[in-house]
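Peer 1: Sequence:
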Amino acid sequence: MTTDPRVALELLKSALDEHLTAIVSRRSDADPAVESAFYAVADAFEAYEDALYDAYEEVTPLELYDDDEDADDEDAEEDADAEEGSEGGGSQPTG
1 MTTDPRVALE LLKSALDEHL TAIVSRRSDA DPAVESAFYA VADAFEAYED
51 ALYDAYEEVT PLELYDDDED ADDEDAEEDA DAEEGSEGGG SQPTG
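Counting in UniProt numbering, the sequence shown runs from 1 upward without gaps.
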């Protein structure tokens with residue numbers, strides 16, 4: 001489904017506004033309204049990116065934050081650091 005980028009942008013701005021409203025009126029650390037608003041922003045952003053690309057073959061300089069990807073990246077970095085340390089190939093600080 002192709003959407004006008006201006007319509008998608010308005011929906012994104014609305015989702016951001018609703019996210020802020022949910023945060024300001026948060027009832028607890030695990031308020032489901034905040035989580036729901038968070039995902040609404042992510043969905044609206046993806047729709048805007050798709051519409052922008054479909055219409056103009058352009059994208060924004062933004063990326064969605066993904067907890068799973070970041071956890072995988074951190075695990076890979078820790079594994080690489082541990083491997084480097086066990087091989088003795090790392091440089092030692094001098095002081």
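Simulated from the structure, these hints should not be mistaken for laboratory data.
Note that the coordinates shown come from a computational prediction; the quantities given were computed from them, not determined experimentally.
Even glycine gets a Cβ: it sits at the ideal position worked out from N, Cα and C.
Certain hints may be false.
[To be verified] Ranges between beta-carbon positions, derived for each pair:
| no. | residue 1 | residue 2 | range |
| --- | --- | --- | --- |
| 1 | A33 | K13 | 32 to 38 Å |
| 2 | R27 | Y56 | 17 to 23 Å |
| 3 | S36 | L9 | 18 to 24 Å |
| 4 | A55 | D29 | 16 to 22 Å |
| 5 | K13 | Y53 | 31 to 37 Å |
| 6 | P61 | R27 | 31 to 37 Å |
| 7 | V59 | P32 | 37 to 43 Å |
| 8 | E57 | L16 | 32 to 38 Å |
| 9 | E35 | K13 | 17 to 23 Å |
| 10 | E63 | P32 | 32 to 38 Å |
| 11 | A33 | E57 | 21 to 27 Å |
Peer 1: Falls inside 18 to 24 Å, the C-beta gap from S36 to L9?
Peer 2: Roughly 21 Å apart at Cβ, these two residues keep to the hinted range, so it holds.
Peer 1: Check the following: the C-beta atoms of A55 and D29 are separated by a distance inside 16 to 22 Å.
Peer 2: Given about 40 Å between the Cβ atoms, the range is violated.
Peer 1: The hint says 17 to 23 Å between R27 and Y56; measuring C-beta to C-beta, is that right?
Peer 2: violated (41 Å)
Peer 1: Confirm or reject the claim that E35 and K13 have a C-beta distance inside 17 to 23 Å.
Peer 2: Holds, since E35 and K13 (Cβ atoms, about 20 Å apart) stay within the stated range.
Peer 1: That 31 to 37 Å hint for P61 and R27 (C-beta), does it hold up?
Peer 2: holds (34 Å)
Peer 1: Could you say whether the range 32 to 38 Å given as a hint is met by the Cβ separation of E63 and P32?
Peer 2: Given range 32 to 38 Å: violated, Cβ gap about 25 Å.
Peer 1: Do the Cβ positions of K13 and Y53 conform to the proposed distance bound of 31 to 37 Å?
Peer 2: Because 19 Å falls outside the window, the suggested range is violated.
Peer 1: Take a look at whether the Cβ-Cβ distance between A33 and E57 falls inside 21 to 27 Å.
Peer 2: violated (36 Å)
Peer 1: Okay, V59 versus P32 on CB: inside 37 to 43 Å?
Peer 2: violated (31 Å)
Peer 1: Does 32 to 38 Å hold as the CB distance between A33 and K13, or does it fail?
Peer 2: violated (19 Å)
Peer 1: I want to verify a distance hint. Is the separation of the beta carbons of E57 and L16 within 32 to 38 Å?
Peer 2: violated (25 Å)
Of the numbered hints given earlier, the model fails hints 1, 2, 4, 5, 7, 8, 10 and 11; all others are met.
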